[in-house]
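Heads up: the sequence lines are chains A and B, in that order. Numbers 1 to 315, taken from our numbering, label the letters of the first sequence in order. Numbers 1 to 318, taken from our numbering, label the letters of the second sequence in order.
What the hints contain is simulated information worked out from the structure, not anything from laboratory work. Mixed in with the good hints there might be a few duds.
What the hints assert, rightly or not - In silico lysine-lysine, DSS-like type, Cα no more than 27 Å apart, as pairs:
1. A:Lys140 x A:Lys183
2. B:Lys272 x A:Lys140
3. A:Lys183 x A:Lys137
4. B:Lys272 x A:Lys183
5. A:Lys180 x B:Lys272
6. B:Lys272 x A:Lys137
7. B:Lys272 x A:Lys178
8. A:Lys180 x A:Lys140
9. A:Lys312 x B:Lys272
Next come the chains, spelled out residue by residue.
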Amino acid sequence: MSTDQEMEDREILDGPNPNLFRVAPCVLSTSLTIASGRGGLADSGALSQPFRRPFWLDEVRWSIRVPTDATLTTLAAGGLISAKFALGRMVVSNDFVPIHCYAPSFQFTRSSFGCAEECFDHTNTVTRLSFSHYRWKLPKPLFITPGQQFTCEYERIADGLGDAVMQIAYAGRYVDQKIKTPKAIDVPFISAWLPTPGSTFAQSSEKDLVNPLPVPLHCQRMIGRVLRLQAASCTTRMDSTVATPTDANIVIKDSYGHNVVRDFLNFYRVFDYNRRAWTFNRILPSKERYLVTAQNIPTDRRLHVALIGSRKEAL
Amino acid sequence: MTMPQGTVPLELSTPIHLTATTSLASNTTGGVNTVALKNPMGGAMEVHEIKFQVTGPLSQTNANVFGGIIAAKLDIGSHPLTNGYVPIWSLGRSLGLGAENLIRNVNNAISEFSWRLARPLYVPADAVITPTFQHRGLITNSLSVRVSYVGRSFNRRGPLPQKVYIPYASAYVSKNFSIDSADTDESTELELINPFDSPLFIQRFTGRCQFYWNDGSANNYATDSQMGSIVSGGQLMTVRMVDSNGRPIIRNFTVFYTAFPQPTRSWELDGKAVMDPQSYYRVFTRKSAPTAALNIPATTQIFVGCVGWREIGTGEMK
Chain A
1 MSTDQEMEDR EILDGPNPNL FRVAPCVLST SLTIASGRGG LADSGALSQP FRRPFWLDEV
61 RWSIRVPTDA TLTTLAAGGL ISAKFALGRM VVSNDFVPIH CYAPSFQFTR SSFGCAEECF
121 DHTNTVTRLS FSHYRWKLPK PLFITPGQQF TCEYERIADG LGDAVMQIAY AGRYVDQKIK
181 TPKAIDVPFI SAWLPTPGST FAQSSEKDLV NPLPVPLHCQ RMIGRVLRLQ AASCTTRMDS
241 TVATPTDANI VIKDSYGHNV VRDFLNFYRV FDYNRRAWTF NRILPSKERY LVTAQNIPTD
301 RRLHVALIGS RKEAL
Chain B
1 MTMPQGTVPL ELSTPIHLTA TTSLASNTTG GVNTVALKNP MGGAMEVHEI KFQVTGPLSQ
61 TNANVFGGII AAKLDIGSHP LTNGYVPIWS LGRSLGLGAE NLIRNVNNAI SEFSWRLARP
121 LYVPADAVIT PTFQHRGLIT NSLSVRVSYV GRSFNRRGPL PQKVYIPYAS AYVSKNFSID
181 SADTDESTEL ELINPFDSPL FIQRFTGRCQ FYWNDGSANN YATDSQMGSI VSGGQLMTVR
241 MVDSNGRPII RNFTVFYTAF PQPTRSWELD GKAVMDPQSY YRVFTRKSAP TAALNIPATT
301 QIFVGCVGWR EIGTGEMK
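Start from the sequences and build out the full structure, keeping to the hints where you can.
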């Protein structure tokens, strides 16, 4: 005979919201210290759901603290540190992708007004610190089965600053064992183009902004960021505007040569300046890509372009 | 477009905006003229968004941000929409940190906050959402508060919806931490609570950190902790959260603005998680001392809000 609890559970499971049965929100976090020019691996145990229950991952969040010196007025660490994710055998990032390429910008400002996603200057005159915050809301929530880990590696460019302390958080929901496991899940995928700095002309290759998977990719958006590194002392590292309308112009074509951006256009006319993103819904078939050509790139700036989407994978 | 269950077809409605104001002295409570917030057409309506605008003094070169100073208690009939007084900046996500910190006429500051309801709130004919406001003190100045309801009015008395979605918000406000000290605090079972017999669908958690300058002069002010290069209280705070069964919600102590993302001051769940009936969340707060003492007359305080909705039948709407 069923107990009262079992009958109550059955009532919810047979009701209009079975997928919300005992679904509770959860934030898992850990921290990682990365020196200039080094890499690191986040503690995947701390970022794993503790009760061996299925977990829906909705967001990945980063808070990065970097010590600065008196010459630095602003700093956006999202361009200095790159992340590479994987879910078991399923690749999520095609290579190390700068953190600020995972998500659009929110409330961007370069001032020390203190509200910005990317730059916050903590003007403690004794120890100056800069904080950068990024939030990547996954294109579709990612279902993680019990025991599975969403692993992440990090690497940092040799920017010459002190150790960066990064707090990484996974925000999502864990579900009861009685919820049916889906047969197929949506797994995110990010492909980026990071041209070598110093050249005024660059073009992406067949390994960049590509869908290398055997299944179609549901593209959510493209992210466009410009990282500015000033001279050898790197006095400013931040997501930057480009100086004049003719700087860093790009055209974009698809695999068949069809125009996506027909004429050379300023970088931030293609990727909206406020959000650093161009959101569109498109299915990119297997093995196809976008070709980006850039000219008049200022030599102290690095272009970062990323393609974000999701695909179906069978569990 | 598929309409959420319980709403009236679009062609039977017109948009409506209702507003009322009040002025509050420090450490007082007060209501507004609720007649101004009733549907003047006499029919039922739906409320989609509740907006707040607070006007007060501009202190020195730092605008006040009043979201932590003014709290609101909202009721509709016998149904509470808030767990007592909830700070108005704990109800919604930040839609524009700049808009929360506006300067007007050199001497006045304006803060604007908005609570976009996850589901439209059906307000029967002749009913009204009754707001009561509290000036929590901290600054001695009076503040002017405007509340506005945005929604649609039904042109005729159409069929009643089968379900009504009642929003509900609760909040935990920590104690004031001295800027230079390390300290801890925790919430009680009465603060982040679902007191009802039905589950609460969680729309979001909000996280705000208030910086309060108190040098004993008339220039005291309160602001969002990350305004104007002031010491970042949100970076010195870490929090963890558990539910009433001890399940971890925020498992490890996490930097406040990582747990509640800095750009939006909120953790959006969009109803994909529930709070069990008759349950609560407990927040544990840890404040670290800065690496070097700042020696300023200031304190910092965190606000954690839990905002969601529950479903009731139309017959219970009294």
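The hints, checked one at a time:
no.	hint	result
1	A:Lys140 x A:Lys183	holds (15 Å)
2	B:Lys272 x A:Lys140	holds (13 Å)
3	A:Lys183 x A:Lys137	holds (23 Å)
4	B:Lys272 x A:Lys183	holds (20 Å)
5	A:Lys180 x B:Lys272	holds (16 Å)
6	B:Lys272 x A:Lys137	holds (14 Å)
7	B:Lys272 x A:Lys178	holds (17 Å)
8	A:Lys180 x A:Lys140	holds (18 Å)
9	A:Lys312 x B:Lys272	holds (21 Å)
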